[in-house]
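Novice: What follows is each chain in one-letter form.
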Amino acid sequence: MPKSSSDRRHFIIAGVLVAIVTVLLDWGLNAALPFPAQASTESFTIDQLFRWHVLLIAFLFALVMVFMFYTFVVFRRREGDDTEGEHFEGNTTLEIAWTAIPLVLVVLFSFIGVNTLNEITRVEDNELVVKATGRQWAWTFEYEGGVVSPELKLPVNQRVHMVLQSEDVLHSFWVPEFRVKQDLVPGRETSLRFTPTLEGDYSVKCAELCGLTHWNMLAPVKVVPESEFTAWLQTEVAKVNPAVTSAETGKTTE
Amino acid sequence: MSLLSLGLVRGLIGQVLGTLTGMAVIVIARLLLGMPAWKEEPAWVLGMLFGGIGFLIGVGAMDDWSQWWKGHKTPMRHGAPPGQPEWTRYFGMDYNHKVIGIQYAVTGLIMLMIGGGFAVIFRTELARAGLQFLEPGTYNTVMSLHGWASLFSILIGIGGMANYVVPLMLGAADMAFPRLNAFAYWINVPAITLLLASAYFGWDGGWTVYPPLSLVGPLGYQFTFMAIFFLGFSSILGSLNLIATILLMRPPGMSLFRMPIFCWAILSTSFIQLTATQFIAQAFLMLSVSRSLGMGFFDPLKGGDPILFQHLFWFYSHPAVYVFVLPGLGIISEILPVFARKPLFGYRWIALSSVAIALVGFIVWGHHMFTSGYAPYLRVWFMISTLLVAVPTGVKFFSWLGTLWGGKLTFPTPMLFVLGSISVFLLGGLSGPVLATVASDQPLHDTYFVIGHFHATIFGGFVFPFFAAIYFWYPKITGRMYNETLGKLHFWLMTPAFWVMSVGQMTAGTMGMRRRIADYEPMLGGMVNDNLSRLEVVHIAITLAAFVIAFGILLMIYNLFHSAEMGKVAGNNPWRSRSPEWQIPSPIPEHSFAQPIHVVGDPYDYGLPGSYVSTAATAAGDD
Numbered sequence: 001m002p003k004s005s006s007d008r009r010h011f012i013i014a015g016v017l018v019a020i021v022t023v024l025l026d027w028g029l030n031a032a033l034p035f036p037a038q039a040s041t042e043s044f045t046i047d048q049l050f051r052w053h054v055l056l057i058a059f060l061f062a063l064v065m066v067f068m069f070y071t072f073v074v075f076r077r078r079e080g081d082d083t084e085g086e087h088f089e090g091n092t093t094l095e096i097a098w099t100a101i102p103l104v105l106v107v108l109f110s111f112i113g114v115n116t117l118n119e120i121t122r123v124e125d126n127e128l129v130v131k132a133t134g135r136q137w138a139w140t141f142e143y144e145g146g147v148v149s150p151e152l153k154l155p156v157n158q159r160v161h162m163v164l165q166s167e168d169v170l171h172s173f174w175v176p177e178f179r180v181k182q183d184l185v186p187g188r189e190t191s192l193r194f195t196p197t198l199e200g201d202y203s204v205k206c207a208e209l210c211g212l213t214h215w216n217m218l219a220p221v222k223v224v225p226e227s228e229f230t231a232w233l234q235t236e237v238a239k240v241n242p243a244v245t246s247a248e249t250g251k252t253t254e
Numbered sequence: 001m002s003l004l005s006l007g008l009v010r011g012l013i014g015q016v017l018g019t020l021t022g023m024a025v026i027v028i029a030r031l032l033l034g035m036p037a038w039k040e041e042p043a044w045v046l047g048m049l050f051g052g053i054g055f056l057i058g059v060g061a062m063d064d065w066s067q068w069w070k071g072h073k074t075p076m077r078h079g080a081p082p083g084q085p086e087w088t089r090y091f092g093m094d095y096n097h098k099v100i101g102i103q104y105a106v107t108g109l110i111m112l113m114i115g116g117g118f119a120v121i122f123r124t125e126l127a128r129a130g131l132q133f134l135e136p137g138t139y140n141t142v143m144s145l146h147g148w149a150s151l152f153s154i155l156i157g158i159g160g161m162a163n164y165v166v167p168l169m170l171g172a173a174d175m176a177f178p179r180l181n182a183f184a185y186w187i188n189v190p191a192i193t194l195l196l197a198s199a200y201f202g203w204d205g206g207w208t209v210y211p212p213l214s215l216v217g218p219l220g221y222q223f224t225f226m227a228i229f230f231l232g233f234s235s236i237l238g239s240l241n242l243i244a245t246i247l248l249m250r251p252p253g254m255s256l257f258r259m260p261i262f263c264w265a266i267l268s269t270s271f272i273q274l275t276a277t278q279f280i281a282q283a284f285l286m287l288s289v290s291r292s293l294g295m296g297f298f299d300p301l302k303g304g305d306p307i308l309f310q311h312l313f314w315f316y317s318h319p320a321v322y323v324f325v326l327p328g329l330g331i332i333s334e335i336l337p338v339f340a341r342k343p344l345f346g347y348r349w350i351a352l353s354s355v356a357i358a359l360v361g362f363i364v365w366g367h368h369m370f371t372s373g374y375a376p377y378l379r380v381w382f383m384i385s386t387l388l389v390a391v392p393t394g395v396k397f398f399s400w401l402g403t404l405w406g407g408k409l410t411f412p413t414p415m416l417f418v419l420g421s422i423s424v425f426l427l428g429g430l431s432g433p434v435l436a437t438v439a440s441d442q443p444l445h446d447t448y449f450v451i452g453h454f455h456a457t458i459f460g461g462f463v464f465p466f467f468a469a470i471y472f473w474y475p476k477i478t479g480r481m482y483n484e485t486l487g488k489l490h491f492w493l494m495t496p497a498f499w500v501m502s503v504g505q506m507t508a509g510t511m512g513m514r515r516r517i518a519d520y521e522p523m524l525g526g527m528v529n530d531n532l533s534r535l536e537v538v539h540i541a542i543t544l545a546a547f548v549i550a551f552g553i554l555l556m557i558y559n560l561f562h563s564a565e566m567g568k569v570a571g572n573n574p575w576r577s578r579s580p581e582w583q584i585p586s587p588i589p590e591h592s593f594a595q596p597i598h599v600v601g602d603p604y605d606y607g608l609p610g611s612y613v614s615t616a617a618t619a620a621g622d623d
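So the protein sequences, as listed, match chains A and B. The opening position of the first sequence corresponds to residue 1 in this note's numbering, with each subsequent residue numbered one higher. The opening position of the second sequence corresponds to residue 1 in this note's numbering, with each subsequent residue numbered one higher.
Keep in mind the hints are simulated off the structure, nothing from the lab. Remember, it's a predicted structure, so these values are computed and weren't measured experimentally. Just so you know, even glycine gets a beta-carbon here, dropped at the ideal spot from N, CA and C. Some hints here could point you the wrong way.
Between beta-carbon pairs, the in silico distance windows are [said to hold, decoys possible]:
{"#": "1", "chain 1": "B", "residue 1": "Trp-38", "chain 2": "A", "residue 2": "Arg-122", "range": "31 to 41 Å"}
{"#": "2", "chain 1": "B", "residue 1": "Tyr-377", "chain 2": "A", "residue 2": "Glu-226", "range": "27 to 37 Å"}
{"#": "3", "chain 1": "B", "residue 1": "Val-537", "chain 2": "A", "residue 2": "Arg-122", "range": "35 to 45 Å"}
{"#": "4", "chain 1": "A", "residue 1": "Val-107", "chain 2": "B", "residue 2": "Val-355", "range": "36 to 46 Å"}
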């Protein structure tokens with residue numbers, strides 16, 4: 001073992017250990033932090049960003065912990081040794097380096113952060129607008145043509161613009177498989193956009209504490225093929241407003 | 001000796017009488033206005049306010065000041081009240097900062113056990129899916145109380161470390177304003193009784209008490225608002241006192257950059273507390289009058305806005321998180337050099353990084369509100385400002401490594417807790433940027449991932465360093481050594497358990513477990529077998545870990561009591577520290593320093609032959 005604390009061999013050994021631990025931790029953390037199914041375009045963008053963060057966490061955690069544990073082994077007091085440690089009070093070059101490098105990482109992650117934010121909040125033409133209303137402790141969903149449903153039915157691969165309203169206290173609209181989340185605020189409309197990509201059954205969960213049975217403020221979500229959705233919406237519109245539909249049907253028969 | 005001679009008892013009686021007076025005023029006023037005599041909420045609100053004042057009068061916090069108002073001088077009291085045993089000092093007004101420091105620290109530990117006790121109750125409920133023994137309303141109350149009881153523990157515990165240690169490190173006779181110091185401690189006690197009394201009526205808003213929910217919930221909310229209002233007074237007055245002490249009472253020769261590093265941490269913390277606490281007081285006052293006087297600050301129907309509250313709340317509560325952790329990080333920087341036998345690496349960088357964290361902390365509050373619905377472009381600014389906090393925090397970590405590198409490390413219990421806090425705070429810190437980046441915050445906001453992040457930050461930044469400080473200064477306070485075996489057992493129980501708990505919480509969070517829910521859908525993370533889901537396995541692990549942590553803390557409490565009588569005599573300076581407080585006798589006499597000290601060297605020059613920090617060391621004849 002090298003004697004002097006500034007011996008280059010210390011840093012080579014610790015550096016190799018940091019690399020190994022980074023790889024192991026990155027693998028371990030990804031296994032320990034599982035997300036639900038990826039069911040929207042946003043889930044892919046966000047999960048990728050999350051995995052970048054996990055890699056950074058693994059590296060920085062390994063960096064600090066490996067060096068720390070290395071000192072436990074190499075620089076612990078040996079039996080019978082009553083001397084003090086080496087006397088050095090600091091190193092300005094090192095301090096500047098470990099201020100500047102994190103600063104570069106901050107700029108990099110800010111840049112990635114802005115890009116991903118723009119991507120998940122993008123506005124497209126032909127969005128399906130659905131109005132969601134939250135109240136203690138239930139959801140309703142309103143479609144064009146006055147259709148009101150306790151279930152959120154959405155066509156696959158179609159960008160959705162949720163317009164969110166609350167009737168009483170704060171709530172939050174969240175479908176874990178879609179990843180994105182937005183609070184409902186009484187007195188104003190908030191909005192949230194996403195594109196479901198995977199057909200299936202999910203549920204909206206209220207993610208902002210809203211009182212007694214907050215945990216149970218759930219509503220079913222069904223992502224279906226576009227044809228099925230259109231057919232369902234037409235039937236529902238017909239139920240709500242038979243006059244309009246019969247007039248339309250009348251037109252088509254003419 | 002009668003019970004009435006204890007200030008605490010007189011204070012509590014004063015609080016009851018004050019509460020009744022306040023209620024009577026409301027009843028009489030309502031009768032005079034021709035209204036029905038009794039309305040619960042306003043009666044309680046005025047009662048609580050008068051009760052707090054009644055407590056302070058009863059405990060004697062106003063005695064000297066009322067003499068001053070009449071133009072009489074009062075001498076500084078020292079020692080127990082005449083004819084009373086020494087221990088009664090701790091249960092009444094005492095102006096000695098060492099007594100007040102112990103009062104703070106013990107109260108902080110009691111609140112830690114109460115807050116942790118609430119956690120153990122609802123953790124047991126959450127171990128399996130389904131509602132077992134807590135009604136949803138009770139669950140929400142216990143969960144909300146866990147939050148504030150624990151935060152009380154932190155703010156009061158910090159007061160303990162600062163009050164006991166800072167004047168000693170400065171070689172000062174006491175704090176700058178001893179009477180204000182005692183007042184600032186005692187106002188915490190009516191705050192605690194109100195917070196605990198809120199359990200009777202219940203409240204369900206979590207510690208953030210967002211309106212409109214907190215405007216329509218049960219009466220327990222008003223108790224919480226008033227409790228935090230009183231606690232805030234303690235923060236403001238205590239920090240004012242600490243700033244004055246640090247800036248004005250340093251001995252000759254101690255420039256700012258020769259202060260022990262813990263004083264820098266406390267200076268930064270106190271700056272935040274002195275300037276930001278007003279915002280939460282104002283926010284909670286607005287909630288309180290919205291309820292009792294029908295004002296519409298946060299009610300859209302009356303022109304108000306619920307999001308306004310979130311801004312006011314987080315403008316205090318984010319900087320407050322740095323109030324919680326900066327003193328702990330100061331403890332780490334303070335204790336590491338002693339057990340590494342080396343100077344603190346990059347002293348000025350560590351000192352100024354505390355100031356930088358305190359300042360940047362004021363411009364990041366919006367990251368708690370990424371999903372709240374404020375103007376979307378603001379999220380970009382708050383993302384970048386929040387990520388910036390990583391820079392000064394990183395400086396601390398790397399400088400700690402520099403301190404360890406090339407040292408002669410030993411690992412008694414305080415050092416173990418310091419190293420434990422570095423690892424745990426690292427986990428807390430590194431799980432921050434992913435929440436600060438708006439897009440990756442989306443699936444994690446208001447889930448258990450945030451819970452895991454927050455608990456790692458607070459355990460690493462407060463709980464572990466607080467325990468390190470307790471073990472470290474215990475021989476100085478009592479003159480006896482704690483039991484090292486029990487101390488190490490405490491560490492080795494608590495640290496792995498904490499890791500299981502915190503990582504488990506993050507796992508549950510990514511699986512989709514929301515915060516603050518009394519029950520959960522077990523199939524969120526998939527099934528292990530027909531009867532057991534993965535999420536339940538995670539919850540069982542978290543719950544067991546919580547029990548182990550609780551047991552470890554009880555072990556420490558036992559150790560502290562047991563060793564005060566049975567521990568072996570520690571001597572004046574068992575850690576061979578250079579700091580002035582270790583050069584005087586243990587336990588410290590009433591007047592800490594026999595002569596005023598002069599500072600002649602840097603605080604951490606371990607390994608520099610012939611160097612001394614102060615004349616206290618040369619007088620004691622060793623280093």
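Novice: Are the hints correct? Go through all of them and say.
Specialist: Checked hints:
no., hint, verdict
1, B:Trp-38 x A:Arg-122: 31 to 41 Å, "violated (58 Å)"
2, B:Tyr-377 x A:Glu-226: 27 to 37 Å, "holds (33 Å)"
3, B:Val-537 x A:Arg-122: 35 to 45 Å, "holds (38 Å)"
4, A:Val-107 x B:Val-355: 36 to 46 Å, "violated (23 Å)"
In this structure, the hints that do not hold are numbers 1 and 4, in rising order.
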